[in-house]
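There are 2 protein chains.
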Amino acid sequence: MMKIALISTGEEILTGDIVDTNSAWLAELLSDAGFKLSWHVTVGDAMEELVDAFELASQRSDVCIVNGGLGPTTDDLSAEAAAQWKHEGLKELSVWIAKLEDFYASRNRVMPESNRKQAHIPESGEMVDNPVGTACGFKVSHNQCDLYFTPGVPFEFKTMVKDQILPALVAEQHESMPQLKRWLTFGLSESLLADWLDPIELPQGAVLGYRSSMPTIEIKLRVPASCADSDVKALEKAISNRLDPFVFSTGKQRMAQRVQALMLERGVTLSTAESCTGGMVADWLISEAGSSAYFQRGYVTYSNQAKQDDLGVPKEIITEHGAVSIPVVEAMAEGARDKAQTDFALATSGIAGPQGGSDDKPVGTVAFALATPDGVFSQMLVLPNRGRTLVRKVSTAVALDMLRRYLTNQPIFTQYSGSKILYQGQ
Amino acid sequence: MMKIALISTGEEILTGDIVDTNSAWLAELLSDAGFKLSWHVTVGDAMEELVDAFELASQRSDVCIVNGGLGPTTDDLSAEAAAQWKHEGLKELSVWIAKLEDFYASRNRVMPESNRKQAHIPESGEMVDNPVGTACGFKVSHNQCDLYFTPGVPFEFKTMVKDQILPALVAEQHESMPQLKRWLTFGLSESLLADWLDPIELPQGAVLGYRSSMPTIEIKLRVPASCADSDVKALEKAISNRLDPFVFSTGKQRMAQRVQALMLERGVTLSTAESCTGGMVADWLISEAGSSAYFQRGYVTYSNQAKQDDLGVPKEIITEHGAVSIPVVEAMAEGARDKAQTDFALATSGIAGPQGGSDDKPVGTVAFALATPDGVFSQMLVLPNRGRTLVRKVSTAVALDMLRRYLTNQPIFTQYSGSKILYQGQ
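Quick note, the sequences are listed as chains A and B, same order. Everything in the first sequence is counted per the UniProt record's numbering, starting at 1 for the first residue and increasing by one. Everything in the second sequence is counted per the UniProt record's numbering, starting at 1 for the first residue and increasing by one.
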C-alpha cells in the first residue's frame, strides 16, 4: 500500500495561534479514497527544520504532501527549502508570472514585487496548478518520494488536493477508488452501533468506520472497487436494515436539512416553543437555506410568564406539575401550533444545569412534545449530564428526531443510548 | 530555550476517524506559559513507528510529550515501545495496581485482567500520576531527552499536563512563567488590530499574538516575568486604551457571559425578537448558566405574519419598507419589550443568503434595533457575505455588542471592519 506522509509548516500552528484543520480534513479524504496517511509532522518556518522534515518524510513514504509556506512573505520558505534540500536552484515560471499579472490587472492593481516569489519553484519541479490563489503549487521527487507542495490557505489547499493531487494518486495506484457508503445516525452510542454491526459479515478488504461528532455518529463503509455490485447492495441493505430508524441521512445531510426536505415534500409548516433549548431548535432549522418555506416562527419561552402569555399554558398546570413536565410541554406545543397556525409544533422544557436539578428531576431531565394533526406525542427523558451545552444539543436533536420519525412513519419513541425514559406516550 | 516535542499516537487520527484536539490545546498552553512546541509528529499504533518517533523526537528536543497508547487494549503499545526503545523490560507498579483495584471496587466491579497492563511502565520509568483515569502516566529519559507519557483521553491528558508536566517544565527552566494578558475583541479585523497596536513599543521579550475565532479575535500579550510591574501596567493600559470600545472581555469571558454579568449588575431584564438570526441570539444567551435571572423570552418571528401577530409590527410598514428595514426592526424591538415587559429588547432582521439579495439590499444586509428605557437605537449594515452561517453569527455578535456598549456607556454605533453602514441612529 502506498505510504503517504504530510508535512504541515507554520510557526502559528506550533504556537497555538491557529488551529491546523487541513490535516484532519486530508486524513479523512484519503481514507474515503482508500488511502491512508501514514506519518504526519508539523514543523516551524526555519530552513533547517523544513529540510530535515523533507528528508525524514521522503525516507518514510512514497508520497508526501507539504502544506504551507508558499506565500509572498519572507517566512514562506518551502520552495527555497526544497531547492536547498535537492541541491539545486529555483526557476521562475513565466506562465505563473503572467497569471499573477492578469490576476492583479483584473482587480485594477499592479502585481506587488513580493508576489514574484510565488512563481519560483525548484529547478527540477513540475508546476501543480492552483486555480484559486496566487501561490503556485509544485511537485518534486527525491529519495524515491514524490513531494507535492501546497498552500496553507484551506480553500486553496482543498481545491488542489481534490482536483489534482488525489486524482494523481489514484492514477498511480492503478486501482479504482473504493466505494463509499455513509449513514448518519442519532441516538445510539458508538459501542452499541459496533455491537449491532459486528455480526454482519464484510467482504474482504471492506472496512467499517465510526466518526462521532456529538450528538450524531457517522458510519462509513468502504468497499474495494473490485467487489461485485450485487454484493455491495446486499451489504448496504443489511446495514441499513439494522440501523434503520436511527439513520437520518445516507449522505452528508444534517439533521435539520433532512427535516426540511421532509417538510417541503409534504408541504407542511412548523413552529417551535422552546424553554431549555432556548432557541437552538429554531437556530438549527433556520441555519439551512430555504427554511422560510416551512418554518414560520418560534417562541423562546424561558420564563413561566412567557409560557402563559405567549403560548397560553395555564398557570395552574405549571404550579401543579412544574415547568419541566409533560402537561406543560404538551400545552406549549399545542399553544405554538394554535398561535402560529402551523401543521406541526415542537416544544422542549428541561433542566440543562448545572443548577436546578432535584432527586425526582435531575439535571438532564427534559420534556419534549410534538403537536401534529393527529394529536400530541410527548416524552420525558433523563439525558446524560455531560454539561449544559451537551444537554441542550442532545435535546435539540431529540426534538428534531421526533419530527423526523413522525414524517418517515417510524415509531416516534425509542430508547436513546445513555438516557432514561420517564414517560413516552400520546 | 527548551525544545519541546509532541508525539501523537493513534491510527484513528491518521485515518481521520477522530480529530486530534489535544495538540492545538497543548500548543496554546505552552505558548501561554512562555514555552513553544518545536516539533510535532503523529504516528500510528505500530511498534516500529513508535520507536522511530521516540528516536527522532529525542534527537530534536529536550522534552517530549507522548500522547496516547496507554489504554488496556492490544493496540496500546506506548509503554512497551518505550521499553523496547530503551532496551529494557517493563515493571509492574504495585501502587497503581492497588489504585486500579480500589477504582473498580468502589464501582462494585472486579478489575478486568486487561487493565493490569495499565500499571506496567518501563523499568527505568518514574510514575507520573493520573488522578482522573486508569492509565498510569510515566517519564523516561534517553538521548538527553525527558519523555512524558500521557493518555489520549483529552480530560486525562489535560489534567496531567496542567497539574504535573507543566509545573515540572517551569521548575526545570529556572525561570518564572511570563505574565499573560488577554483582550477579547469584536468588530476589528486582524490587520486593523495589528495596525493599531504596532506603534506601541513592547519591552524586550514581550510578544503580542492574535488568535481569530470568528467572529471574535483574542489578543494575547506575553511579558517576561522579569519586567517591572509598573511597566507591564503601563503597557496594558496603553493597549486597553487603544482597543477600548472593541474589547468585551479581558479574560476568557464569552460575549454572552459579559452581557449577562452587566445585566445582573444592573438588575435589568431582556427579551429578543429575531428574524435572520433565527434564535441564535437567544441561544447564545441561554447557553450561559444563570441566564434565567435576566433573560425572559424570545420571539423568532421568521414569517411576516409572525412579526405582526407576536410583536404587533403594523402590516403597512412591512409592505412599505420591506421586512429588512429600520422601521420594521424598531417595531420588532419595541413590540418585544412591550409584550415581555422587559427593560431591554434586541431585534434583528436581515438577508442571510444565499438567496434573497437585491441591488439595494444585498445578501449580508441586516437591520438591528435595541429598545431601551431611553428609546430605540437602530442600525442597518451590510456585513461581509461569507456564507449564511457567518452572516448569522456576525449579526448575533453585533446585536449583543450594541447591548454591551449601551450597558458600558460606550458609543452604541461604530464602524465594524468589513461592513458598510447604511443607517445608524436613535
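Careful: at least some of the hints might be erroneous.
Some chain A residues close to chain B (C-beta under 10 Å, calculated; not the full set) [to be verified]:
(1) D17
(2) L29
(3) D32
Below 25 Å or equal to it, Euclidean Cα-Cα: the simulated DSS-like pairs (lysine-lysine) are [what the hints assert, rightly or not]:
(4) K339/B with K339/A
(5) K339/A with K315/B
(6) K315/B with K315/A
Which chain B residues stay away from chain A? Per the calculated CB distances, all over 12 Å, these [said to hold, decoys possible]:
(7) E12
(8) L100
(9) R107
(10) S114
(11) Q173
(12) H174
(13) S176
(14) Q179
(15) S240
(16) V300
(17) S303
(18) Q415
FYI, nobody ran anything at the bench for these hints, they're computed from the structure. Where is the CB? At the ideal position from N, CA and C, for every residue including glycine.
key: Violated constraints from the hint list, given by number and in increasing order   = Result: hints 6, 7, 16 and 17 break, sorted rising.
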